[in-house]
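Participant: Residues per chain are reported as follows:
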Amino acid sequence: MPVGLPEFVENPENRCPVILLLDTSGSMLGQPIEELNGGLAAFKQDVLKDTQASLCVEVAIVAFGPVRLAQDFVTIDNFTPPKLEANGVTPMGEAIEFALNLLEKRKQTYKDNGVLYYRPWVFLITDGVPTDHWQSAAQRVREAEAQRRLLFFGVGVQGANINLLKQIAPPERPPVMLNGLDFRDLFVWLSTSMKRVSTSKIGEAIALPPIGWGQISS
Amino acid sequence: MRWKAVAHFTEGTSHQHQGVVCQDYADYRVFDDDVVVGAVADGAGSAKYAEIGSKLAVERTLKFLSRISDHLQKRKKTWQHYSPPLSDEEAGKLFGKTVNYVQKKLSKEAVSMDCSIKDFACTLLVFIATPHWIAAMQIGDGFIVVHPENSEEYQLLFQPDKGEFANETAFITSPNAVGEMHIKVIAEKPKFICASTDGLEKVAIRFSDWQPFSRFFEPFEEYLRETDDPETEDQYLKDFLNSERLNQRTDDDKTLLLCLWE
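Chains as they are written, first to last, in the working numbering: chain U, 1 to 218; chain E, 219 to 480.
Bound-form chain U, shown alone (with noise of 0.2 Å):
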């Protein structure tokens, strides 16, 4: 008798969450936000380009300030980059618990669904001193790090307090002085990172492609 052949389940696509962590206080008016909006825009673009990155990668935006959240956590299909103004103060610790508890809301999710995730992103970009509080939230970004519960990048553009990020930033990834405002640099390097850890194979590391678009401060 002819056995029949095996069916396959459906599962949904594995996830990889990044959340934008990005500075929209009043001295980013100008060129800076512009470059910046010009930047989402372009990583977009870039990650639409791999099918298996765009159907993996889902990115969050956290403004501040004051903080608020731009964009909830969207496949890069239905992402429309948003035109981010420049005003207010930089309530960074504010935003970073922010960014932290959205992600912890997100992971919830997933589980609750049966979606696998890769270790998720959580990219700060700013160009100031924080007017808060920011010991209580570098605290937690450290100790997510440690236990591997996310990878943070700090990346700092012309005017921020390298010093300071470097506290908040897990000493393994010192944070990243942006050259100028190549936004548009950082953020294809950003959806290349992606295209790797979509593809890359369960249990295996990856290798980030070379930062081009800033100084490593160490």
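There could be a bad hint or two in this list.
As the list claims (entries may be wrong) - According to the in silico footprint, chain E covers these stretches of chain U (three or more CB under 8 Å from chain E):
hint: 1; stretch: 8 to 21
hint: 2; stretch: 109 to 118
Said to hold, decoys possible - Partial chain U-side listing against chain E, Cβ under 10 Å, derived:
hint: 3; residue: Pro2
hint: 4; residue: Val3
hint: 5; residue: Gly4
No lab work stands behind these hints: they were computed from the structure. Note that beta-carbon positions come from the ideal geometry of N, C-alpha and C, so glycine has one too.
Position chain E relative to chain U; hints supplied.
Facilitator: Leaving out everything else, chain E in the frame of chain U:
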């Protein structure tokens, strides 16, 4: 009655493209007609000699457990008709010793090849089944699914151990491998057993509730029923593992170790 069993593994399309050999390995032994021991391993993509590690881990496991039948006989009281299931504690001890033995052998091989034991990093899944019960262990991802005789449902023994994230898992070469090992004993008659690596996870297991997808497993059970000698009549299995239909869904190495008590 007897155990019918067969094991096959084949390289994934992503490895074919990169010219990398298959890093999965699987094998089994039947002892005294009624005890079957099976093992599968998936070499870590990042490990230098992953394919050697997975093969060694499986072979050494089977070697270490080759006297299991005697061991089970000794435990049996004269008034007992069959060897009673291992307790969780006994299973933990036995598999713990197995892991220590495999680690020792891997370390020895690492010395003779002048490399690190990490170069042999692989997952390891092992089961010992009699017609009356099954005991199993798992380090890392992959799956063991059992169809008990008196049940409609297929049963997944362990949720794939991926750490929190999709690209992390545990390996037999970790210093804390015994601590990362999951153990289970099912005191029901295991009619059908399927052990596999993570390459087939997403087509065989529903992630939302971690239930085995019965329409994936039923044909394999039927194939074993219809096949007198699965070792020689293995075209069905080979065709499946190399099918375009499957390769569209997974580019990873694929392994199937199947057993049927009949």
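Participant: Could you run down the list of hints and mark each one as holding or not?
Facilitator: These are the hints, each one checked on the structure:
Counting residues of the stretch 8 to 21 of chain U whose beta carbon lies closer than 8 Å to any beta carbon of chain E gives 5, which meets the minimum of three for the stated coverage. A count of 6 residues in the stretch 109 to 118 of chain U with a Cβ less than 8 Å from any Cβ of chain E is obtained; the coverage claim is therefore met, three being the minimum. Because the closest C-beta pair between proline 2 of chain U and chain E is about 9 Å apart, less than 10 Å, the hint holds. Nearest Cβ of chain E to the Cβ of valine 3 of chain U: about 5 Å, under the 10 Å cut. The hint holds.
For glycine 4 of chain U, the interface hint holds, since its Cβ comes within 10 Å of a Cβ in chain E; the closest pair sits about 5 Å apart.
Checked against the numbered hints listed earlier, the structure breaks none of them; every hint is satisfied.
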